[in-house]
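Q: Single-letter residue listing:
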Amino acid sequence: MNRREFLTSASVVTLGIGLGLTSGLPAYAAESEAVIVLGSAEAGAPNQDPIRASLLSLASNLIYDRLVEQDDDQSYHPHLAESWETDADGMNWTFKLRQGVTFHDGEPFNAAAVVWWIGKYKGSVNEYMTAAIDRVEAVDDHTVRFVMKRPEPNLIFNLAAVFMGIPSPKSYEAAGDSYGVTEAIGTGPYKLESFVVGQEIVLVANEDYAWGTALSENQGAPHIKRLTLREIPDSSTAFLELKTGGVGMLSSVPDEFLPQLQKEKQVSFRDLPGMGVTYLIFNSRSEPFSDITMRQATALAVDQNAVLKSVYSGVGREAHQFLISSLAESKVDPQFEIRHDPDKARKLLDAAGWTVGGDGIRTKDNKRLRIKFWTRSETEFKRIAEVVQAQLKAVGMETEIVTFDNTTLRDQLRKGEHQLVVSHYDWNNADILDWCFSAKNIPAPNSAMWNDAKSEELHDIAMLHSKNWDERVANFKKYQEHLLSQYAFAPLHEPAQNTAYNKDLLEVPERIRGPQLGQSTIVDMKAVQ
Amino acid sequence: MFLFIVKRLVLLVPVFFVVSVVVFLIIHLVPGDPIDNLLRAGSSTAQRVQIAAKYGLDRSLAEQYFVWMRRLVSGDLGTSIIQGRPVGALIAQNLPYSLQLGGAALLFSALTGIAAGVLAASFHGTKLDDGISGLILLGSTVPSFWLGLLLILVFAVWLGWVPISGARGWTSLILPVIATGIGGIALVARVTRIAMIETARQDFVMLLHAKGLSPAIIQVRHVLRHALVPVVTILALRIGWILGGTVTIEYVFARPGLGSLLIRALNQRDYPLVQACLLMLAMAVILGTLLGDIIQAAMDPRQREVRS
Chain H
1 MNRREFLTSA
11 SVVTLGIGLG
21 LTSGLPAYAA
31 ESEAVIVLGS
41 AEAGAPNQDP
51 IRASLLSLAS
61 NLIYDRLVEQ
71 DDDQSYHPHL
81 AESWETDADG
91 MNWTFKLRQG
101 VTFHDGEPFN
111 AAAVVWWIGK
121 YKGSVNEYMT
131 AAIDRVEAVD
141 DHTVRFVMKR
151 PEPNLIFNLA
161 AVFMGIPSPK
171 SYEAAGDSYG
181 VTEAIGTGPY
191 KLESFVVGQE
201 IVLVANEDYA
211 WGTALSENQG
221 APHIKRLTLR
231 EIPDSSTAFL
241 ELKTGGVGML
251 SSVPDEFLPQ
261 LQKEKQVSFR
271 DLPGMGVTYL
281 IFNSRSEPFS
291 DITMRQATAL
301 AVDQNAVLKS
311 VYSGVGREAH
321 QFLISSLAES
331 KVDPQFEIRH
341 DPDKARKLLD
351 AAGWTVGGDG
361 IRTKDNKRLR
371 IKFWTRSETE
381 FKRIAEVVQA
391 QLKAVGMETE
401 IVTFDNTTLR
411 DQLRKGEHQL
421 VVSHYDWNNA
431 DILDWCFSAK
441 NIPAPNSAMW
451 NDAKSEELHD
461 IAMLHSKNWD
471 ERVANFKKYQ
481 EHLLSQYAFA
491 PLHEPAQNTA
501 YNKDLLEVPE
511 RIRGPQLGQS
521 TIVDMKAVQ
Chain W
1 MFLFIVKRLV
11 LLVPVFFVVS
21 VVVFLIIHLV
31 PGDPIDNLLR
41 AGSSTAQRVQ
51 IAAKYGLDRS
61 LAEQYFVWMR
71 RLVSGDLGTS
81 IIQGRPVGAL
91 IAQNLPYSLQ
101 LGGAALLFSA
111 LTGIAAGVLA
121 ASFHGTKLDD
131 GISGLILLGS
141 TVPSFWLGLL
151 LILVFAVWLG
161 WVPISGARGW
171 TSLILPVIAT
181 GIGGIALVAR
191 VTRIAMIETA
201 RQDFVMLLHA
211 KGLSPAIIQV
221 RHVLRHALVP
231 VVTILALRIG
241 WILGGTVTIE
251 YVFARPGLGS
261 LLIRALNQRD
271 YPLVQACLLM
281 LAMAVILGTL
291 LGDIIQAAMD
301 PRQREVRS
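Top to bottom, those sequences are chains H and W.
Take the first sequence: its position 360, counted from the start at 1, is 360 in UniProt numbering, and no numbers get skipped.
Take the second sequence: its position 194, counted from the start at 1, is 194 in UniProt numbering, and no numbers get skipped.
Nothing false has been slipped in among the hints.
The calculated lysine to aspartate or glutamate pairs, modelled on EDC-like cross-linking and capped at a C-alpha distance of 20 Å, are:
no.: 1; chain 1: H; residue 1: 415; chain 2: W; residue 2: 33
no.: 2; chain 1: W; residue 1: 54; chain 2: H; residue 2: 177
no.: 3; chain 1: H; residue 1: 415; chain 2: W; residue 2: 58
Which stretches of chain H does chain W cover? Using the computed rule of at least three CB atoms under 8 Å from a CB of chain W, they are:
no.: 4; stretch: 230-241
no.: 5; stretch: 408-416
Stretch-level coverage of chain H by chain W, calculated; a stretch enters the list once three of its residues show a Cβ under 8 Å from a Cβ in chain W:
no.: 6; stretch: 43-49
no.: 7; stretch: 52-65
Hints in this document: simulated from the structure, not taken from any laboratory.
All residues carry an ideal CB built from backbone N, CA and C; glycine is no exception.
Modelling step: build the complete structure from the supplied sequences, incorporating the hints.
A: See the structure below:
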């Protein structure tokens with residue numbers, strides 16, 4: 001090869017790399033279609049396997065049906081289970097299954113499929129969801145009985161979760177480890193057509209669908225025949241796509257983009273109740289927050305209304321207890337709710353011997369009241385920390401803000417050197433109290449290092465000895481009221497979930513059903529002709 | 001020449017091992033761990049231990065390294081902890097997008113850069129030279145993230161010529177290529193310009209003029225060819241950067257690629273995936289340098305003789 005030949009072939013190779021890999025444009029049918037952008041919380045979901053995945057997206061909610069569905073008020077409704085009953089001691093659950101339901105591969109949905117399905121959770125990352133079930137018995141072809149190891153009223157919540165979608169036993173076993181990536185077969189209103197992780201999921205309507213829930217107006221096949229779920233990491237890009245009609249809907253809009261989107265006349269909104277709460281963690285194991293007076297004074301110094309107004313421009317709601325407001329367990333006795341009361345905070349600090357010095361910061365025995373205040377690196381969390389810093393300064397507490405990225409912060413909290421931390425959780429079940437405050441979860445996720453005998457007693461009653469749902473609600477209320485009375489945390493804010501869509505492209509029902517945008521709402525959505 | 005390539009390839013083996021140790025230690029020594037990203041509220045602490053054992057995270061660092069190395073040598077990159085899929089498959093899925101964008105951007109910055117450099121050198125000292133140099137300097141100082149958004153606003157939103165985001169078809173590649181390539185143009189153009197000006201002062205160029213060749217032919221066929229040697233070196237060094245250096249552009253244009261894969265894996269502390277991506281990027285830089293040397297040797301007989 002001479003020099004010229006070498007150089008020529010080198011340039012050809014470069015050209016080939018540059019242009020040769022361009023993929024072809026997929027063909028698009030003229031029939032009704034829509035593009036929805038997934039929220040950042042579900043971005044990067046690597047597969048559509050409900051049994052083995054630790055992260056699932058809206059796609060899994062549409063491909064699979066569940067035995068029961070949850071509504072936006074966190075109530076439960078029949079789906080693949082037409083009805084269910086629990087005996088008095090909570091040890092047996094009997095489900096009547098819907099008849100005439102088939103999987104996308106043509107296999108029938110019946111009792112045998114349910115028996116197989118529950119068995120598959122053993123050894124998976126989602127095993128805890130079925131851990132209270134001892135065995136599943138097929139009573140007849142369309143009736144199953146769950147025999148429990150212990151009463152677990154929360155089973156109903158688990159059964160409605162996206163992680164308990166029911167896949168086709170035949171396809172699941174045939175696909176082996178590749179299940180959920182190349183194929184995903186459920187009974188849901190949409191079938192998986194193609195899936196590129198981190199990019200897009202294309203779904204097509206299941207025309208045989210006739211078993212929608214009472215939560216939707218349309219119980220048959222969905223109106224939108226072809227649905228593309230895209231991931232767009234940058235909010236500005238997603239915003240421009242929505243504005244120009246490149247996509248029809250953003251399933252989750254960050255609060256800071258709301259004012260900009262509200263100016264666009266073709267963009268409309270639907271709000272859903274919050275899915276999480278932002279709060280302050282006190283490290284109850286170290287000074288000064290090992291003292292309840294200091295926790296109380298800090299909690300009372302925080303003004304939730306100021307956070308709502310200055311950080312979230314009034315979107316969302318103030319949090320005065322730990323749980324999202326749509327949960328029945330959040331309706332605690334108002335006397336336990338934590339509300340802004342700076343005068344009382346000052347009195348408590350005065351009484352504890354902390355006197356205000358010349359610069360407005362309190363001291364006691366020549367020691368300044370100076371607190372390490374940690375927060376996450378996202379803008380929203382930094383701004384919350386700044387607002388709270390000003391409020392604490394008003395009662396004479398000095399704070400030093402340090403920011404960490406989320407993963408590093410979690411690691412730092414394990415070391416137990418923190419004092420005050422801005423934190424957030426997303427979970428629509430009262431058992432988040434167990435996750436964040438039970439002694440077995442010290443040092444993580446119980447970063448409050450919370451461990452007191454009365455809390456543990458109330459925790460055990462709520463978690464392990466509730467026989468039915470109502471009893472569970474009452475027990476969790478008592479548990480939370482005790483935590484509130486101890487000022488184990490300071491609640492701040494409950495962000496709203498905002499959905500935005502392009503009115504020129506989509507018709508969206510007035511009320512979004514379900515705890516998040518999902519099947520019950522999407523089957524009712526129409527493309528504007 | 002052949003011996004030269006073989007020698008360089010053999011030298012890569014120790015480099016590979018040193019790089020692998022560094023890559024392994026970097027990700028294991030930063031705070032945080034992948035299991036946090038796997039567990040949801042409600043799961044038990046026993047599960048944590050179980051997952052750690054499953055992925056060998058409960059063993060010593062040295063042991064974990066040797067397990068990884070043993071598998072790597074036999075061609076197994078391991079399984080992603082968070083995504084639960086073979087790392088090889090994940091990389092294979094994202095690599096074409098990175099090669100497509102990076103390759104096209106390299107080509108764009110090479111062609112535009114060399115053309116701009118030739119123009120500036122040919123009109124050395126004139127207003128045109130100043131103008132080109134000024135524009136290039138401006139282009140190279142604009143952050144690609146911001147430029148990307150600006151390009152979207154003008155060409156996709158106002159003019160509607162190309163799609164805003166995504167990776168469907170060649171039209172969606174135009175804006176990302178420009179946004180990525182602009183930074184490279186400046187480097188290439190400046191190196192080309194200087195090299196050409198210096199070559200033009202050499203005796204053989206004077207001889208060519210004396211022989212009566214036209215100035216255009218002298219510039220393109222003789223001066224440029226000599227001046228290209230350093231340009232090729234610069235371009236070869238950017239091969240590694242092609243694969244992983246486009247993260248911000250991938251983010252703005254919602255394109256998949258190795259950069260996005262690596263950043264997501266880093267945030268989730270997905271050890272096997274981060275290790276494989278970093279190792280691959282490091283090897284790409286090393287191989288790129290090697291390729292640059294080989295091309296340089298092929299272009300310049302003096303280099304070839306010295307090295308072999």
